[in-house]
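Quick note, the sequences are listed as chains S and G, same order.
Counted from 1, the first sequence has number 117 at position 117 by the numbering used here; the numbering is strictly sequential.
Counted from 1, the second sequence has number 1017 at position 17 by the numbering used here; the numbering is strictly sequential.
Treat the hints as calculated values from the structure; they're not laboratory data.
We treat Cβ as the ideally placed atom computed from N, Cα and C, and that holds for glycine.
Among the hints, a few may not be true.
Claimed, not checked - Here are the simulated DSBU-like cross-link-like pairs (lysine-lysine), alpha carbons at most 35 Å apart as the crow flies: (1) S/K171 x G/K1173; (2) S/K23 x G/K1229; (3) G/K1139 x G/K1220; (4) S/K65 x S/K78; (5) G/K1220 x S/K23; (6) S/K23 x S/K588; (7) S/K530 x S/K214; (8) G/K1229 x S/K214.
As the list claims (entries may be wrong) - Listed below are several chain G residues computed to face chain S (Cβ distance under 8 Å; list not exhaustive): (9) L1035; (10) S1044; (11) E1077; (12) A1078; (13) R1182.
The chain contents come next:
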Amino acid sequence: MSDHNMNNHHEDHGHHKETFISKYIFSMDHKMISRQFLITGIIMGTLGMLMSMIFRLQLAYPDMKFSFLEGILGHWGKDGKLDPNFYLALITIHGTIMVFFVLTAGLSGTFSNLLIPLQVGARDMASPFMNMLSYWFFFLSSVVLVFSLFVDGGPASAGWTVYPPLSALPKAIPGSGTGMTLWLVSMILFIASSLLGGINYIATILNMRTLGMKMTRLPLTIWAFLVTAVLGLLSFPVLLGGSLLLVFDRSFGTSFYLSEIVAEFAGGIERTGGSPILFQHLFWFLGHPEVYIILLPALGITSEVIATNSRKPIFGYRAMIGSILAIGVLSFIVWGHHMFLTGMNPFLGSVFMLGTLIIAVPSAVKTFNYLATLWQGNLQLTPAMMFAIGLVSFFISGGLTGIYLGNAALDINLHDTYFVVAHFHLVMGSAAIFGMMSGIYHWFPKMFGRMMNETAGQIHFWLTLISAYCVFFPMHFMGLAGVPRRYYANTAYDQFNVFIDMNQFITIAALLGGLAQVIFLVNFFYSALKGRKATQNPWNSNTLEWTAPVEHLHGNWPGEIPHVYRWAYDYSKPGHNEDFIPQNVPDKGQVDPLEEATGLPEPVKNENSATH
Amino acid sequence: MANTTNLSTDKKTSWGGGKSPFSVSYGKLMMWIFLLSDAFTFSSLLIAYGFIRYSFPSPMENTIVKPLSHVAEHFTEAMNKAGLFVQDHWPAPELVFNHFPFIHGIHLPLFFVSLMTFILIFSSVTMVLAVEAGHRMQKKEVANYMLLTIIGGAAFLGCQAWEWTTFIGEGAKLYGNPFGPRSFAALFFIVTGFHGFHVFSGVVLNIIIYINVLNGTYEKRGHYEMVEKVGLYWHFVDLVWVFVFTFFYLI
Chain S
1 MSDHNMNNHH EDHGHHKETF ISKYIFSMDH KMISRQFLIT GIIMGTLGML
51 MSMIFRLQLA YPDMKFSFLE GILGHWGKDG KLDPNFYLAL ITIHGTIMVF
101 FVLTAGLSGT FSNLLIPLQV GARDMASPFM NMLSYWFFFL SSVVLVFSLF
151 VDGGPASAGW TVYPPLSALP KAIPGSGTGM TLWLVSMILF IASSLLGGIN
201 YIATILNMRT LGMKMTRLPL TIWAFLVTAV LGLLSFPVLL GGSLLLVFDR
251 SFGTSFYLSE IVAEFAGGIE RTGGSPILFQ HLFWFLGHPE VYIILLPALG
301 ITSEVIATNS RKPIFGYRAM IGSILAIGVL SFIVWGHHMF LTGMNPFLGS
351 VFMLGTLIIA VPSAVKTFNY LATLWQGNLQ LTPAMMFAIG LVSFFISGGL
401 TGIYLGNAAL DINLHDTYFV VAHFHLVMGS AAIFGMMSGI YHWFPKMFGR
451 MMNETAGQIH FWLTLISAYC VFFPMHFMGL AGVPRRYYAN TAYDQFNVFI
501 DMNQFITIAA LLGGLAQVIF LVNFFYSALK GRKATQNPWN SNTLEWTAPV
551 EHLHGNWPGE IPHVYRWAYD YSKPGHNEDF IPQNVPDKGQ VDPLEEATGL
601 PEPVKNENSA TH
Chain G
1001 MANTTNLSTD KKTSWGGGKS PFSVSYGKLM MWIFLLSDAF TFSSLLIAYG
1051 FIRYSFPSPM ENTIVKPLSH VAEHFTEAMN KAGLFVQDHW PAPELVFNHF
1101 PFIHGIHLPL FFVSLMTFIL IFSSVTMVLA VEAGHRMQKK EVANYMLLTI
1151 IGGAAFLGCQ AWEWTTFIGE GAKLYGNPFG PRSFAALFFI VTGFHGFHVF
1201 SGVVLNIIIY INVLNGTYEK RGHYEMVEKV GLYWHFVDLV WVFVFTFFYL
1251 I
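Pulled out of the complex, with its shape left as it was, chain S reads as follows (with noise of 0.2 Å):
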């Protein structure tokens, strides 16, 4: 019980008849669950998008009609006018949607379940039962969110971030009623599915690493979802608490985030003696690490694809786990830089300040090493590579406005505009979505066995490349000139009226990303059906992953596990013929792992292994 990487431990399960039911749906396989969730992610992702155009729509064409909008979306758009209420409640599930359901659980729950197991040389997660919970929590929380578009009053209108008091009083605006409940039973069957994934991950890194992979071995992939693993699994649990108050709130009479300023609206309950601060206090705990929850697995994946096409060694990979480890540590003590404009001490502003422009160290080193390892390489420009190097262009020009963001007395200014929306659509949306991206082209022979096409994978990247800095890098001017977010149209204001060209531009820039998107979504789909027949290993890779066979196993190998001799990153090393040495590959005269480990448990019989 105490070893699970001996040979025998999975293989007693291989034999069981698989139907069809336990194998495409309750499934408890590591490779299955993690296309249920890329797809399930896909599925929710387009959705959101599909959210942006609209909204985006109204933005650039406040006066205009559009009749197919009644079409769509019945009585919220009457005579082919978006409904105000409606468009706070697209925006609203648009952040939710891509924050929580595609960068969290399609990024990190995709590729945590398809590569730590594969790449740290494990039969299967350590509790697949639970791993496949995990998976079933997330897709009913999924269903709930886009139970709740149906409601009466339409979904939550809170802002992704549901402030009180318009999430916790239910008759302040008509999204706050049925809908805003519902995003609450959502947000809790997530935080569920978030907890069990999160467990397992830990446990598995941990615990099930195969002989010789020592943690200065691992892939920075494995790393990254470690680290991103325990930020979820610390944060998230914050947000439960904080949505059990709410909930009471609105529910139960009490009043821990309403106070007597909202009194009036309370609904004839007099509500004393709360605060909405502590609300954002405790969203904003498990919110800002929720953004490196998101950026850390697509950072990872960065790092290994860069290395790998690059044919380099990831330059400074320790320095690489440091900085992970260091954004990690940091991500706790930094949520108040969300809240420089809600009444905080400002002498404690400017702690909160202090750390958040200290994560631009860690930061840095990473860019900075992504740099060296593309130095001088010999770069092969797969779309999972343009894809990577997207991510760093976003990095680092996203990045650089988290600068300004993070600077107090600069909030003032900024806080609450379009300069808010650009910075984390660009670090955090965008560079993300890239790295998701492009670890679909990198693992898509592993998950699917065929290969993505490739011409249209560069077309896709090109097109979303160009629209999506044509998108938000705009919004930088109209943020500066202190255009607010969240508003539903700015005809009123002649001072910001006057960004309408540049709004139709972006909008037009978004529509254009959108069509790329479609080039994907094509792609995607005809190449896991149809796709030329991947080969084992496609792009001559080192990672353990790439020595298991192209259909997939239960157990992932079909016989020993391989032990592992190096790190991961021994590309073009001199004096040798290939310029790639996979993990398994011994040295002239180096020991087998087996050898050299002391005191290893005796192989465990069956019956211990299958009880738990």
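Go by the hints and put chain G onto chain S.
Just chain G, lined up with the frame of chain S:
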């Protein structure tokens, strides 16, 4: 577990892959990770408590009622009149929680909650003894100590039910109470309720494990690790109570 004992603790090789670096099974590791996460859930609630508690001035200083002194029948109203329970000051917990079953008219500040704490901590002791008996593979001893732990947990829950009933009987509601600010009772219900829910889950888990022990499941398996895992959970629930007790009743 029989074979964890001969695992090497050599630093050089324990992180080298092929085995657990902490010499624990993944199940036990997962329990530790879960508890870490759960600790953050409790922290968020306790921090919310602290945030609201300290937005009010400290309790009024009590110079009237001494421990063990006789008190009037309508104690809460008397305290209201004496100016010790006012709406804009947090109430002193020792004046609110001064009841004891079957004893009327005597001021027993925090006596009952101390008894509850003692019961819960004592059930932790029996849990340790159960785990220890498990290491020696003494099925009968494990079963007996598990039973004692279950009784302790159930007794704690019973005490909590009595305390809640008394509290509600005096007029405490989620949206108001006669002792002080309206959040006082709401926070009490949510934090002790959330803890009580954990104790309840723990008792249910303990009962399942107890039945498995009686059925000899773990004897056949060759080790009593499941007892150890629920033991971890049980000690965690106790530890959390120590914090809840400190923050709610003592400070």
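inquiry  = Hint validation: G/E1077 versus chain S, beta carbon distance must be below 8 Å. Holds or violated?
reply    = At 21 Å from the nearest chain S Cβ, G/E1077 fails the 8 Å test, so the hint is violated.
query = How about G/L1035: closest beta carbon in chain S under 8 Å, or not?
reply = Since the shortest Cβ distance to chain S is 10 Å, the answer is violated.
message = Need the status of pair G/K1139, G/K1220: alpha-carbon distance at most 35 Å?
response = Holds. G/K1139 to G/K1220 sits at ~11 Å (cutoff 35 Å).
query = Between G/K1220 and S/K23, is the straight-line Cα distance small enough, at 35 Å or below?
reply = holds, 31 Å
ask   = When you check the alpha-carbon spacing of S/K530 and S/K214, does it fall within 35 Å?
value = violated, 39 Å
message = Can you confirm whether the C-alpha distance between S/K171 and G/K1173 stays at or below 35 Å?
response = holds, 23 Å
message = Hinted pair, alpha-carbon criterion (35 Å max): G/K1229, S/K214. Please report holds or violated.
response = holds, 27 Å
message = So if I understand the rule, the pair passes when the alpha-carbon distance is 35 Å or less; does S/K23 with G/K1229 pass?
response = Within the cut-off at roughly 31 Å; holds.
message = Checking one constraint from the list: CA of S/K65 to CA of S/K78, max 35 Å. Satisfied?
response = Holds, at about 9 Å.
ask   = Does the CB of G/A1078 sit less than 8 Å away from some CB of chain S?
value = violated, 24 Å
message = Between the alpha carbons of S/K23 and S/K588, is the straight-line distance 35 Å or under?
response = violated, 42 Å
ask   = Given G/R1182 was flagged as interface, is its beta-carbon under 8 Å from a beta-carbon of chain S?
value = holds, 5 Å
Hints 6, 7, 9, 11, 12 from the list above are not met by this structure, while the remaining hints are.
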